[in-house]
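Enquirer: Chains A and B, in that order, are what the protein sequence lines are.
Quick note: the first sequence, position 166, residue 1026 per my numbering, numbers continuous.
Quick note: the second sequence, position 120, residue 134 per my numbering, numbers continuous.
If you are wondering where the hints come from, they were derived from the structure by calculation, not from laboratory data.
Each statement offered as a hint is correct.
Stretch by stretch, here's where chain B covers chain A in the computed footprint (C-beta under 8 Å, at least three residues):
1) 964-972
2) 983-990
3) 1121-1131
4) 1158-1167
Reference excerpt, derived from the structure (chain A facing chain B, CB under 10 Å, subset only):
5) I924
6) A979
7) P1173
Taking lysine-lysine and the DSSO-like style, the derived pairs with C-alpha atoms no more than 27 Å apart in a straight line are:
8) B/K130 with A/K1155
9) A/K1003 with B/K130
10) A/K943 with A/K1032
11) A/K943 with A/K1003
12) A/K1003 with A/K1032
Computed from a predicted model, the values in this text were never measured in an experiment.
Yeah, the Cβ is synthetic: ideal placement off N, Cα and C, and Gly gets one too.
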Amino acid sequence: MMMGFSKKQLVGVGVFLVAIFVGVPLLINMTGRWDFYFTLTSVALLAIASAGVWLTFYIGRINIGQGAFALIGAYVSAILVVKAGWSFWISLPAAGLIAGLVAVLIGLPILRLRGVYFAMITLVLTQVVTLTALALPITNGAKGISNIPLPSGASIFGIPLIPDFGAMENTKLAFYLTACILMVVTYAALYRLVNSRLGHLCRSMQQNEELASSIGVNIAYIRIVIFAISSFFGGIGGAMFGSIAQSVYPSTFVVADSVNFMLNCFLGGLGYVFGPILGTLVLYFGWDLLFELGKYQMLVYSIILIAVIRFLPNGLLSIRFGKGNNK
Amino acid sequence: MEQILANGVYLGSQYAMIALGLTLIFALMNVLNFAHGQMYVIGGFVTYTFYGQWGVPFVLALVMSCVTLAILGALIERYLFAPVIKGSAREESTMLLAAGIAFFLDALILIVFGEKQRGVPKIVDGVFNYDFRLIMPYDRILICILAILSIVAFIGLMQYTKTGRALRALAQDRTAAQLMGVNVDRYSMIGFALGAMLAGLVGGLLVTITGVNLGMGGPTSIKAFMMVMIGGAGVISGAIWGGIILGFMEAFGLAYLAQYGDITYLLIFISLMIFLAIRPQGLMGKPWG
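The following block holds chain A by itself, in its conformation from the complex (with noise of 0.2 Å):
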C-alpha cells in the first residue's frame, strides 16, 4: 500500500513539505510579521484535533464533543507537569492515552446511538467536560492552572533529541515547528488507517453498520477502537495547546471548539483526509483577518459561512482544481 502513491501525490506532499517547513518561517522573517506564527501553530494543532473528529466523520458518526477530550488532554498534561513535575514530552502522550482512555468509557454507551442522537450527546460531553474543570479540586477550579513551565529538553544517553525551550530566545518558531511535526505525523498516520484493512472496515460501518456487521465487522470494537483514536488526537493537540498559552482554563475549550472542530471537517469535506488541514486553515485564518472589523467581525465570518456552505454543500475541496490537488 505505501507503494501506492502516485508521482503526482508524492510531489504534492514534497511541496507541502518544504512550504511548511522552509517556505513559512522565510516569509515571516521577510516581513516581519511574527504574530503569524502564533496563528499557524494553532491552526497546526487545531488541524490535529480536527483530524479525530474527521476520523469519526469516518464511521458515520457526528462528533461534536472533540472540546471535551481537547480539554481533557490540555488537563491531564498541566497537571502532570506542575504537580507531578513530569516532563511536557511525556505527558504529551499521556494525555492523549487518557484522552483515549476516558474516550472508551465513555463511548461504551454512547456509540450505541447514532446519527443526530450521537451528535447531541457528544455536544453535551464538552459541556459536562467543562463543568467537571470547574468542579473538582484537582483543576483548580475556574482559575484554572497558569504558569505551565515552558517544555524541557529531552535526551536519550546524553544526545539530545530536544533543546530546552525554556533556554531559547524564540519559542514561536521552535513551537511552530513541534505543532507541524506533531500534524504531519498525525495526518500521515490517518492516511495510513484509512488506506488499511481498518480503514477498509470503516467504511464499509459508514455506508451501512448493520450490513458490515451481519458480514463480520466487529462494529463495536471498531467504533470504540476509532473513537479511542480519535480522542487521542484531540488529547495530544489540547495538550500542546495547553504548553503553548502555558495555562489551561475550564474556558480553553468549550462548545463553540467543538463546534468548530466540525465545521472544520465540513468545511474542507468529509471525503478528502486532508480536508480538515485545510478548512481549520481557511475557518481560522479568516477569523483572524476578520479580527480589523471589531464588533461585526462575527457577523462578516457567519455570513461568509453560511453563504459557503449554501452555495458549497459538499466542502472547499468539492471544487475541483485538477487532480493533483489531493495531497
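Let chain A serve as the given structure and place chain B on it in line with the hints.
Expert: Relative to the frame of chain A, chain B by itself:
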C-alpha cells in the same frame, strides 16, 4: 418538598416549550437546529424592546416576539435550509448551516441589542405564600400557566387542524405525505416557522423573570438537546416529558446538591448516559430516529 415540586413544574413547563420547538423542526426536516437557543434569546429581546422599552402591553409584546421569530424561521427555512438539503450529498451538511446561523444570530444580537443583561418590570406584583412551605411569586405562576396553555394550544393545533395533520404526516413519512397531496415545501416552511415561534414565545415569557442576555443562547440549546434526548428526538410527547423530567431533576438538584457545589448538571449528564445506554432512542423515540 412542596416548594421543590412547584419549582419543578415551573421549570418543566418552560423547558418543555423549548424542547417542543426543537423537536418539531427535527421531526419535519431532520435538522438539528443549533440556533434554537439564539432564537429564544431574540424572542426575549423583542419582548424586552416592546414591553420594557416602549411600554407596549405585555401580551402584544409577546405576539410581536412570536411574529418576529415566525418570519425569521420561515425565511431561514425557505432561503437556507431548503436549498442546502436539496443540494448536499450528506444530510449532515445542514448541521454546519445550523451552526453558521447560530453564530450569525449571536452576532446580530450583539450588534442590535448589545451585550448587557436586560430585564423588564414585573407583570404582576406580589408573592403567593402558603404557610411558608410554598412560596412562589405571582408572576412565576402566571408565566407557568401561560406556558402550559401554550403547550395545550400547540398540541391542539397539531391534533385537530388541517395544518397539524399535514405536519404530522410530514414527520411520519415525507414521501408518503407528498404522494397524498401535502405541499411538502410549504408545510416544511410552516413547521420551521412554528418551531422558531415557540422558541420566541418562551424567550418572551421568561424575559419577565430571568431577564435576557447574549450568552444565554448556547446553554439553552444544550439543555434543549438534553431534553430531546431524554424524550426521544422528533416525538412531541417525548419533548414534553423530557422538559418536565429535566425541570424536576434540576429543581431537586438545586435543592439537595447545591451544598456540594455545581454538580447538578454533572449528575444529570451521567444519569442521561446510563439511561441512553439502556434505551438509546429515549423514552418515546423510534429506534434509530
